[in-house]
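Chains as they are written, first to last, in our numbering: chain A, 662 to 944; chain B, 495 to 807.
Rather than coming from a laboratory, the hints here were simulated on the basis of the structure.
From a predicted model like this one, the values you see are computed outputs, not experimental measurements.
Heads up, the beta-carbon is just placed ideally off N, CA and C, and yes, glycines get one too.
One or more of the hints may lead you astray.
[As the list claims (entries may be wrong)] Rough simulated footprint, nothing fancy, chain A against chain B, three-plus residues with beta-carbon under 8 angstroms:
1) 507-520
2) 523-536
3) 543-551
4) 561-569
5) 756-764
[To be verified] Estimated spans, in silico, between C-beta atoms of each pair:
6) B:Arg585 <-> A:Asp673: 21 to 29 angstroms
7) B:Gln727 <-> A:Ser685: 56 to 64 angstroms
8) B:Thr770 <-> A:Thr916: 42 to 50 angstroms
9) A:Glu823 <-> B:Gly571: 44 to 52 angstroms
10) B:Ser531 <-> A:Ala858: 56 to 64 angstroms
Residue strings, one per chain:
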Amino acid sequence: MRDGILSSVPFDVDAEVIANTRLSSDYNVLALAAPDIARRLEPGQFVMVKPARGLEPLLRRPFSVFEVLRDDRDREIGVSLLNKRVGAGTRLLYDVEIGARIGCVGPLGRPFVPVDPPQQAWMAAGGVGLAPFATLAEALADRRTPMTLFYGARSRADLFYESFFERLGARMVLTTEDGTRGETGRVTAPLERALSAAAADEPITIYACGPTPMMRAVAQLGARFKKPVFVSLEPVMGCGMGGCYSCVVRVRRGTGTHFVRSCLDGPVFDASAVVWDALTAHG
Amino acid sequence: MADLSVRIGSLRLKNPVIAASGCFGYGVEYADAVDLSSLGGVAVKGLFLNERDGHPPPRIVETPAGMLNAIGLQGIGVRRFVAEKLPELKRLNATVIVNLCGSTLDEYREVARILSDAEGVDALELNISCPNIKEGGIQFGCSLTGTYDVVSAIRKVTKLPVIPKLTPNVTDVASFARASEEAGADAISLVNTFLAMAIDVETRRPKLSNVLGGLSGPAIRPIAIRMVWECHQAVKLPILGMGGIATVEDALEFIIAGSTAVQVGTMNFVDPFIWTKLLAGIESYLDRHHIARVEDLIGRVELPTWEPAWTGS
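Pulled out of the complex, with its shape left as it was, chain B reads as follows (with noise of 0.2 angstroms):
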């Protein structure tokens, strides 16, 4: 039997598949349904200090392979998550991947303070690439000194693991991986979702109150793994693969791509009980090509030895 265990800088996880942040609420709705502590982690909510209530419905549109989102971070605030949410997860043996946010950098080093005096964290995941809000967020995440500044400040107030997740909507994300790495993340999540639009032609409306949202699916997922393998070549840090993981095929190509970790979110709301499938799916192909150690996997991509002409960084 395959070591499906990996390693997010001082953070050993059990195995490497991770709910996805804003796909699994704070994780204790789906206690009953899915056993926590089977998962590799729960990536909970994206949360900023105070409670938020989102955008207004129609909050979600299906498009092809795919989703656009504009939740707008509907959120019960970090305070709350601590009193009422997170003793939960830990009762349930939940590895703890708090998704964090803010307006500005002392909002977000306030967050972090929070989680980490909290017990039970497990990892901070900054949102700085949601693509729904004006206010903080992407405005960060889309600047290489602003994505800079967020891990710095934060790596300054907490000891546990910080994972920035990045946008995708920049022309090169390897060098987000690289000013993440500058700034002392321990790891990066990717992709985002991708800034996206729809409209009904009959009414010509929006078809989203928010006007633009972010497409998410399996119809992104060969741009994410793209992405996912320049940022491996980029950094040295360990990377939480996400883009419209599907199957347990997909889950491969990602840590092959050069992904430590995969998350899923989409996939989940269409099958609630992936989970289960994903991991044995993975367990039985290390099996089958014998490879001890999912970890001996990452990365592994086979290149042609001849000079491709792709046009990356």
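One chain only, chain A, in its complex shape (with noise of 0.2 angstroms):
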């Protein structure tokens, strides 16, 4: 792959909604007719989705692909967007209608590396930081890869897809804030739990996505047990091909630090290599 540069040609798709599945009050799952995109989907890509024609809004949002959908031949026929209500463009993706046109580019960005056996692989997921870990589990499901997914949220009514994982072998660790599903509390307990009950030499990848003082505990429990952490950071983003150096965020290269565009550099990063405090430090 060349730095800096697109990994390869995105397609622009003006996909048709082919469902739209209200998970709570808050979350929809939308199902868009994108069959290239699906076809050339890495686990843990993004697609920069335009939520409505015109100006309002003006630009598009990256969205991790969630499902890569395909049809009963196993043809892939479109991806799915995992979707959160909490600005103007997300509201727009949730209340909007089956048969309307959405604006997808993609896919894009650096993918999660599945981990072959007898590597262990552990995703953490914090909220609708669940979306790139369902084509993440089925590419470890591929590779007969040991799965454990730690998936926290606020409450019971927030937690989804526990079946889909469950199909693909995953072991499946829920927290929610309130206590009403799983351990009451945040995901990064019962992970810090099973770092600790684990061999020294157990050979575990760790793969987070959530908000980011999350992802931040994470790479810190990865570093205190010497496990290697890949994350999937969601900085705001304004092209998400290279164009406009928005999306930066500080990462340890050589001997300095530097801003390296998410789009082109991540989504996904070596845990290890991101400067935390720069990323949290405003906002």
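Fit the two chains together into the complex; they arrive one by one in their own frames, and the hints show the way.
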């Protein structure tokens, strides 16, 4: 892969909404007809989505692809997005009707690299940070890599797709902040216990996506227990293609630290290279 | 088929559609998605002598029909650009317009010299208008003598077309066009972004880490059109017009207001494949109106015969 250049030509799809499944009053899964993107997609890659035609809102939003959708003959027909209603764009994507068209450019970004046995894959997901793990879990299942999903949310109603991951053979560890499902508290607590219980030389690779403080905590656990951690960061993005330099993340490179574009050099980063203080300084 | 080529000083562009500086990386980022040789030109991200880190995020915020940015001119410096990016741009047959920056007159001169000695730079766009950094740039662009001094200093060290990029954050932009013309510029670019601010009312904190940023996008287009039109009347120089171009009609509006070429910035973020649509649309408009050359459309706004009561210069 060339440095600082798109890894491949993205597709520009005016994708028809083929389903919009409201999972709760905040979350929905939007299924988009985009076979080209689905065929090319690697786990953890993202698409730039235009929530509505016209100038309001103006910019596209980055979304990790949630599922690759296939027909009954196993041919890729599209992708789905896990959406959480938080702002103007995500509200539109929550309300969108079947049959509407959503502009979608992708796949973009550096993917997760799924590990092979004897490595184990431990995935840590917080809230909407579950999104990149459906495609990763499929890739891990293909490799017969043992996997565990540590999945935390605010409440029982915000935990989704458990059976999807169970079907792929993932061991599930659930937490909710209000204790309505699984362990009470944050997902990092059972992750820490599991790391403590594991042998020092047990080959475990950790993948994390969620709120920045959670990913930072996972990165710290990885450093403490000497396990590699890969995080899928979600900074504000203007273009997703390297043009605007808005989505920068400070990383250690060589002797110094540099801002790199998360659209080209990420969104997946080696957590040990990320300068976490710079990521959480503002906001 | 209409002739889309336009002349900017000694440089002939194959068409008037240029990727705007700061919105297209160094061009090479888009090389797999866009045929760079099909564009009139690629204005690469502003370059200082040395590498710059830029501002901490958040660097952009969306606003009605537009966005604010305060990137802070993160960049690889002119020498790395010449070594690492320029050969690739030439291999792809891009027409390369390099946006150059400086904190001092000496730095502007040095960057211009390096670019003039390099193989493959087609024109120099002088960034004297970035609203987001303290040192350099806008301190020249907001003063008539500063503008004159930078342009004439660079004029003396290069044979390449010199194109100062003007800020709209002045009362009378036409006077800056005149200062550029007197100093020996070959063309002018306008507008850069409008200095602006957005505040999160819940936290009462500015939405940009830099507090202030530059407003771009369709929201600014009517003001940019007015400024291009004022400058077109004030100087004979070709104008590279920009400010929120989102459609073929917008590009044509800039040309009719007096632009020889147009630059597209923010809308490239929204539609990275906008270029072929703009070029096809301009061509079909010219054919439909039986205009043989796009240059015949420049500044051809049909004004009323009565005296309008505007307050411009």
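Each hint tested on the structure:
| no. | hint | result |
| --- | --- | --- |
| 1 | 507-520 | holds (count 4) |
| 2 | 523-536 | holds (count 5) |
| 3 | 543-551 | holds (count 4) |
| 4 | 561-569 | holds (count 4) |
| 5 | 756-764 | holds (count 4) |
| 6 | B:Arg585 <-> A:Asp673: 21 to 29 angstroms | 25 angstroms, holds |
| 7 | B:Gln727 <-> A:Ser685: 56 to 64 angstroms | 59 angstroms, holds |
| 8 | B:Thr770 <-> A:Thr916: 42 to 50 angstroms | 43 angstroms, holds |
| 9 | A:Glu823 <-> B:Gly571: 44 to 52 angstroms | 51 angstroms, holds |
| 10 | B:Ser531 <-> A:Ala858: 56 to 64 angstroms | 59 angstroms, holds |
Every hint, counting from the list given before, is met by this structure.
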